[in-house]
Structure formats: structure tokens, C-alpha cells
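J.: Here is what each chain is made of, one letter per residue.
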Amino acid sequence: MSARGDKISDVLKRASLRAAVLQAFSVVLLVILILLYMDMSDRQASLQNSIRENAMWAAFQLDREAHELETETRLLLAAPEVEQGQLKALSRRYDIVYSRNDLLSQGHFQGFFVQSGDLSASSIAIGQIVKSLDHVFTGLEKSTDARTRLTAVLPALDALHDETNKLLLTSNTVISDNRAQARDDLIHLQKTSGIYVFLLTLSVGFLIFTLRRQLKAVRQAGQGFEAMANDLASAYNAADAGNRAKSQFMATMGHEIRTPLNAILGTAELLELSDIPDDVRDNIRTIRSSGEALLEVLNEILDYSKIEYGKLEIELRPANLPELAHTVMDIMASRAKERGNALVLDMPDQLLHPWIKTDPTRLRQIILNLVSNATKFTRNGTVTLRLREFSGPNGRQFVRIEVQDTGIGIDEAGRKKLFKPFSQVDASISRRFGGTGLGLTISKEIAERLGAQMGVESEIGKGSTFWLEMRIEATDAPEIASPSERPTGFAPLHSLKVLLVEDNKVNQQLALRFLERLGQKADLATNGAEAVKVATARTYDLILMDMQMPVMDGIEAARAIRAGQGPNRTSPIIAMTANASDEDRDACREAGMNGFEPKPITLKRLHSVLAGVAKRSETAPAPTTLPDNDAFGASEDGIDPARKAELVEVLGEEIFDELVASFFADADALMTEYRDARAAGDRHAADKALHTLKGAAANVGFNAVANIAQAIRQSPEAPDRTDQLTALLASYTFNKAA
Amino acid sequence: MKTFIHALLLTGAFAISTGALTSNALALDKPAGDTILTITGHVTKTNSSKAATFDMAMLEKLDGRKATMETPWTTGKTEFSGPYLRAVLAAAGASGKKLIVKALNDYASEVPFEDAEKLDTILAVRMNGDEMSVREKGPVFLIYPFDKDHSLYNEKYFSRSVWQIKEIEVVE
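Protein chains in written order, with my numbering: chain A, 1 to 738; chain F, 1 to 172.
Next comes chain A alone, as it looks inside the complex (with noise of 0.2 Å):
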């Protein structure tokens, strides 16, 4: 690409030079043509030449009239008598013969007849006996010796007409020189003239010629550069697929570490509760620190590759700032006390917006970022969470939040420094205190997101004070508390002994992490026959049965455990089921089943009813109505927001997009088994597949997705709207892989 690169700029180079030379020629052609025409346009020559023809008329005139004048005088002697009137006739005569000598002394001629000696003195002599006969013609008519004085001026009057004959062919032979000289001139004129417009046609040629060339490289210089945008455009691709499927892989791989991770972190917490000796427990205890301190090492690289794989979401809903700063506060006790900091939080008792519409989740990441950092970098210190309202311009509301510790502070080298990825202030940082120096890059990143500011002020010695200043977006309180504000403890449940009968995978999950979030362990069975097999085996304290599954429906199986002779003959088994008719609860309660739950099931319903199991309550708990899946509002991905906030907040977002993939893993194999059924008129498959699609669905939220599964079901004779439920399907599919 480079040498490609070095060809277009040699071409370009090449193209400005021959530029350069165009326009040389072109100024040079310029001139020409301005010498062309300054040369044509002389048209002294041409005014010289009328001159020259009139000079020659007004000399063969001058010649004619002294002739006229000599033949009339000549034929006035010859007559006997001489009239008064032909005196006066040859008196204007003469009058003639001297206003046309006048001539050649004026005007025009001026110039032409003294420019040669021969002329010059033709034109003097002709003058002088013009002048010297003055005297005999001037009142010639009124003289009395009239004869007498004509008869003297003969030889003068011959003389005249001499001259003027010489005055003219003088006259004639200059010219004729003259006209030879013009046309040497005209004929120079034209070989000049010639000169010139070959130089202009060659300059024209040159200027073509150049042209096209230009056009030629600029052509060329226009595809090098063609070539070279795509080559970019390829490497560019192939960088960011590289990167992608870098951030993928990070995804990926730190989603794989983080599960087993989990579990050891559990089971050390286990350990921790049982009765082991002082030492193993300090042993646990570093065994979870260390553990804990690498699932948040894990978080930071997630996060900065969901950040540049451009994944990092941010859903803005109503949150309360004071609980918020709490939970931060609650969650950093313990680390600051082990460092023995004091962790202080400076709040004004009433805030005037507390409800604040914001990414939750990610405003207390930020803080938490920063409160342990601080606790971090601060040994016996104290450490300060400040939060404080203000009024910006234009009467703008907005919030600071601070975090102040009185630790090892940063330079301004650090500082500039701080929010870059993977740097620390130094490298000696990295060894003491650990770290992936993700923290606050990340924290940036989020900040930006969230349209806030972030920055640091710090002395080294003395402590540093990080802030991060946002604009309120005010908003009044949830009417339902909203899931990060929903009190996360239940009371403490006894550990039952609950076996889930569920065939779909999407649920079976949700149903088990929600069993595990309230101190459950369960069983699993994924269809009534294995659940039978299983309730002959071992004494439940509840069961948890899907209505429509493969092999054996839950009615079906219901009727099977309450007819054995098994040990869970009396054992409560709830039926958990999207259909919510009245008919369904009628088979229910036929079939011998003491509850019944609409899915999907919520983590609170499931907690009473596990609390009503275990108070042995004979009566099941009161069957909820099917929430009206309309009044569910829905966000761009088509999941339910409130329903995803809750899954969140139990699950873990990771959890959450796992369980959306294989929802939509299954609802691909559903809708296969639904058309298949249909294709075949196997109405009651079809019928299972959209129950459990429908079911499914609304579990994950997908209320649209249920909806018409069950507007399908009611009216299978309707027209079709398979198509209608696969669009949405895989409109879903694409906003989640976009």
C-alpha cells in the first residue's frame, strides 16, 4: 500500500510540474497574442497608403489645372479681341492653379511632398512661380496691358507646367517605391504574422497535449486513490473484526471464568458460616477476598470490552440518590473499616430532586469505582462521599457527587494520566496496590454516557477529590418501587425441599436461579412422566408443576402422584401455567393440585408461596389473576422493562442475556414444531408449541410474543398469523445482535 501510495504521489508530483509548465506556456501565449493583435491593429500603414493615393491625385490636379492655365492663356494671345469676362475667367483660373499648390503645403500632404529631395524641391519651385505670377493675375481683368503682361509670364507659365508634370512623376515614382516598400512591409507583416500563429498553434498543441496528460494522471491519481481508500476500507474491516472478535472472546471467556467463580466464591461463603477451626476460616476468608478481588478485576475487562465493543447499555428509569449513596455506602463498609478508613457520607438531609432519571445500576458502578479506589489508595484516612444539588446557568439543576479521601494523592503527571485505559500513575501503583486501571476509564466512559462530567482535583500527600457533576433529569417516584429500590432481603425462608417439573430450558433456568435466590435447592424434572418417577423416589416439601410438557402433562402427572401410594401423595403441588382460565383451574383442582400460579412467576409470588408451604398452610395461596399483559409497557428490544429490571436484578445482566438467548433459541425450535404441527393437522401439538412459546415468553418479558401466541391459541381458525409472530421474532433477534 505503500508503494501504491509513493505511485500517486510521484504521479501528483509529476501532474503539478506539468501544471506548472502549462501555465508558463499559457502566460506565454497570452503574450503572443497580445503582440498579434497590437501588431494588426497598426493601422498607421493603411492611413499612409489613402495618403499616398491622394498625395498622387492632388499633384496629376495641380498638374492638369497649370496646364489648363497655360493652354487658356495661350488661347487668350491667339484671339484678336480679349474679352473682360474671359480675363476674369483665367484670373480664377490662376485663383485654381494657386489654392491646389496651397494644398500640398497643407493638411495631409503636408509630410509627403518634402519626405525626398526631388520632391521637396519641385514642390518649393512650383510654389515660387505660383507666388511670382501673383501679380499678373490679380486684377488681370481690370489692367489695361493685360496682353502685354500675359505674353511676359509664358515662359514662367511653361516652366510651371513643367514642374508640375516633374512634381508628378516624382510624385508617381516615390509612390511606386513607396507601394514596394508597403508590400516588403505587408509581406514582413505576414511572415511575422505567419511566425506567430505557428508559435500559437504550437502553444494550443502543447497546451492540448498537457491537458490530456493532466487529465490523464489526474485519472490515474483518482483510481491510485480509489484503490487505496479500499485497501484502507479492508484493512480498516479486518482491524475491526480482529476486534471484535477480540471483545468477543473477552466476553466470552470472562463470562466463563465468572461462573465457576461464583461458585467458589459461594461455597468459601458456605465454608465461612460452617464450624471450622480459626485458621481455615482465615485461609476462606483469603481464599473469597482474593476471589472477590478478581471477579471485579473479571467485571472491569467485561466492561471495557462491552465499552469498545461499543455494547455498553444504558437504560435510563427513575432513581432515588439518597439510597443509592447508602447502598454504596453499605456495600464499602466492610472494605474501608479492613483498612481501617472512616467512611463518611456528607448528604444535605432533604434533597429537592431525590427521584433523579438515570442508569442506576451504572451511577452506583461509578461510585463504587471511586469509593474504592479511595479506600484503596487510603490507609487510616477518612473517605468522604459528598453529594450535594446546585443551580447551573439558565436555572439548570444539577448534582455533584464527590469522593474525598485523605490517601497518597496524585501529580499533575498522574492526573492527566488517570483516565486513560490500562495506566496508572506509575508502575510501582500497579505492584502495591493491584489493579487493572480500568476503573476510571470505564467510570469516564459511563459518565459520558449518562451526559455527566468527571474530573479530580489532588495534592500529593494531602488526598485527592474525585467529582462527577450531572444534569437532574427530575422525575417523580416509581408508583411501583422500582426494582433497584425493591428490598432485596425476603424474610429468611427454612430450606425446602422443592422439585420443579418443567420441560422448557428458558424456564426451567428462570424457575431454579429464582429457587437458588431464595435459598432453595431444587430438583429438576422435565416432563411429568420423569416427574412421577421422581416423586416415587424421594419426599418433596413442594412441587412446582408445568401444566403442558412432552411425554406427560402436569394434570396428568398430578393425578399419577396423588393416586400412588409415593411418599409425596400429600405434598403440595402448585401448578404454574400462562393459562389462566377458570377451566384450566377446574382440571387443576380435579386433578388434586392445592395452588395455582400464572406464569410468569415473580420472585415475590414465588417467595409466598414458599413461605405458605412452610407455614403448611393447607390452603394455597390465593391464585393471582393473569396481569393484563397490555398495561405492560414495551421497550425498543421487546422486552417488558419492568419484567427485564427485576430478571436483572435477580439474575444479573449477564444471567438475563443468556436466558434471552436461549428464549430465542427455543422460540426458533417452537415455531419449527408449531408449523410442522400445523402442516400436519396435529392441532394439539400446535397447540403445546404456542403454549409453551407464550409461556416462555412472557417469562422473559416478551409480552408482545405472548400475546399473540395466545390470540393464535383462542382462535386457531383465524388467519394465520404465524407470519406476523415470526417477524416480531426476528425483528427481536436483530436489535439484540445489532
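Hints should not be assumed to be uniformly reliable.
Here are the simulated lysine-lysine pairs, DSS-like style, with alpha carbons at most 27 Å apart [as the list claims (entries may be wrong)]: (1) F/K66 to F/K77; (2) A/K420 to A/K306; (3) A/K357 to A/K306; (4) F/K77 to F/K30; (5) F/K97 to F/K45; (6) F/K50 to F/K156; (7) F/K50 to A/K88; (8) F/K102 to F/K45; (9) A/K88 to F/K166; (10) F/K156 to F/K30; (11) F/K77 to A/K131; (12) A/K142 to F/K166; (13) F/K166 to F/K97; (14) A/K7 to A/K142; (15) F/K77 to F/K166; (16) F/K156 to A/K88; (17) A/K604 to A/K644; (18) F/K166 to A/K131; (19) F/K77 to F/K118; (20) F/K66 to A/K88; (21) F/K102 to F/K118.
Covered stretches of chain A, going by a simulated chain F footprint (3 or more residues, C-beta under 8 Å) [claimed, not checked]: (22) 84-96; (23) 137-145.
Read the hints as simulated data drawn from the structure, not as lab findings.
From the three backbone atoms N, C-alpha and C, an ideal C-beta is built for every residue, glycine too.
With the hints as your guide, set chain F onto chain A.
T.: Relative to chain A, chain F alone:
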């Protein structure tokens, strides 16, 4: 002086126009002085046999102009004054397509009638305020308005600029 001459010319023009009104049917007055210009050919107002003759005074009474210009036959700027050719032709009741302007030495040149109508051609009778003798190309000199339109300054009009005019023949 200039204003005075203008006034004089205007008065002359007025006299001619009123004269034309009152004595249209009558013949042109006989010239009191020497005849210096004769209009022959197609003329309706005559004062001799089939011709209209003018003396200096008659010509100077007609509407005309005074102009300073350079000509090929004079040195430097020269002032010419005299009646408009069209005024003279009107006074003679002339109509036609061309004029044959004849000089004392029998030189003659054809001038289109429209040169009189469309151009401010004058029959100059004075050069630099003085009457022109025959020696000074007088008595009458046909002057084109070279001062008004320089494009006239070429051989075509030079040859029409007849001097020492004695007669103009109007041809149908």
C-alpha cells in the same frame, strides 16, 4: 460672440421659415450680390431659368451651424460655418435621390441626397470666421460633420467633400 452668431443664425432660420410660409408659391428672391451657388435640376423654387441661385447673404440667412474640426485639406483645427445642405436644398425646393456637386475646375462628385438629410452636412462659406476666396478653397465647401462622427473620416467622405463648389445638380 458665439451666442450672437447663434442668434443671428436662428433669426435667419426664422426668416426663411416664415418666408417659406408666405411666399411658398412665389419664386426664390433674386440674389442681390454675386451668385456663388446655383442649384439646378430637380428644383421647384427657382429665381432664374430652371435654377435656384444664391449669393453669400442668402446662404448665410439659412439655418446652419458652426463647427471646429480637422480635415485632410487644412492644417490644425479649423472652424467652418455655413448653412445646412438640407436647408439650402429646401430653400431651392429640391427633391431627388442624388446630388452632383460640381467645382469651379469641373471636378464633380456624386453625393447621395440622404447625406443632406441624415447628416449635418453644411455648405461652409466661412473658414475661421472669414469668407473663403477661391484660393482658400472657396467660395463654398461641402463639409461633413467629422467633429460629430469620426467614423465619417475616411476616403469615401473625403471624395464627397467637394470644395470650390459652384453648382449642385439635383438628380431624380
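J.: Evaluate each hint against the coordinates.
T.: Outcome of the hint check:
1. Taking the CA atoms of F/K66 and F/K77, the gap is near 13 Å; set against the 27 Å cutoff, the hint holds.
2. Restraint check for A/K420 and A/K306: the C-alpha separation of about 16 Å stays at or below 27 Å, so the hint holds.
3. Note on A/K357 and A/K306: the hinted pairing holds, with a Cα-Cα distance of about 23 Å set against a maximum of 27 Å.
4. A hinted pair counts as satisfied when its Cα atoms are at most 27 Å apart, and F/K77 with F/K30 does not qualify at roughly 36 Å.
5. Only pairs whose Cα atoms come within 27 Å are accepted, and F/K97 paired with F/K45 is accepted, the gap being roughly 18 Å.
6. A threshold of 27 Å between alpha carbons decides the hint, and for F/K50 with F/K156 the separation of about 31 Å lies outside it, so the pair is violated.
7. A hinted pair counts as satisfied when its Cα atoms are at most 27 Å apart, and F/K50 with A/K88 qualifies at roughly 25 Å.
8. Between F/K102 and F/K45 the CA atoms are separated by roughly 20 Å; this keeps the pair inside 27 Å, and the hint holds.
9. With a C-alpha separation of about 15 Å, the suggested pairing of A/K88 with F/K166 holds against the 27 Å cut-off.
10. Distance restraint check for F/K156 and F/K30: the Cα-Cα separation of roughly 35 Å exceeds the 27 Å cut-off, and the hinted pair is therefore not satisfied.
11. Proximity of F/K77 to A/K131 is assessed by CA-CA distance (about 26 Å); at most 27 Å being required, the pair is judged to hold.
12. Taken as a hint, the A/K142 and F/K166 pair is honoured in the structure, with Cα atoms around 23 Å apart against an allowance of 27 Å.
13. The suggested pairing of F/K166 with F/K97 holds, with an alpha-carbon distance near 20 Å, which does not exceed 27 Å.
14. At roughly 107 Å between alpha-carbon atoms, A/K7 and A/K142 are farther apart than 27 Å, so this suggested pair is violated.
15. Of the pairs offered as hints, the one joining F/K77 and F/K166 holds, with about 25 Å between alpha carbons and a cut-off of 27 Å not exceeded.
16. Restraint check for F/K156 and A/K88: not satisfied, since their Cα atoms lie roughly 34 Å apart, outside the 27 Å limit.
17. The suggested pairing of A/K604 with A/K644 holds, with an alpha-carbon distance near 15 Å, which does not exceed 27 Å.
18. A threshold of 27 Å between alpha carbons decides the hint, and for F/K166 with A/K131 the separation of about 25 Å falls inside it, so the pair holds.
19. Distance hint between F/K77 and F/K118 is fulfilled; the C-alpha atoms sit about 24 Å from each other, no more than 27 Å.
20. For the hint pairing F/K66 with A/K88, the CA-to-CA distance comes to about 31 Å; that exceeds 27 Å, so the pair is violated.
21. The hinted pair formed by F/K102 and F/K118 meets the criterion: a straight-line CA distance of about 21 Å does not exceed 27 Å.
22. By the rule of at least three residues with a Cβ nearer than 8 Å to a Cβ of chain F, the coverage given for the stretch 84-96 of chain A holds, with 3 such residues.
23. Look at the stretch 137-145 of chain A against chain F: 0 of its residues bring a Cβ nearer than 8 Å to a Cβ of that chain, fewer than three, so the hint is violated.
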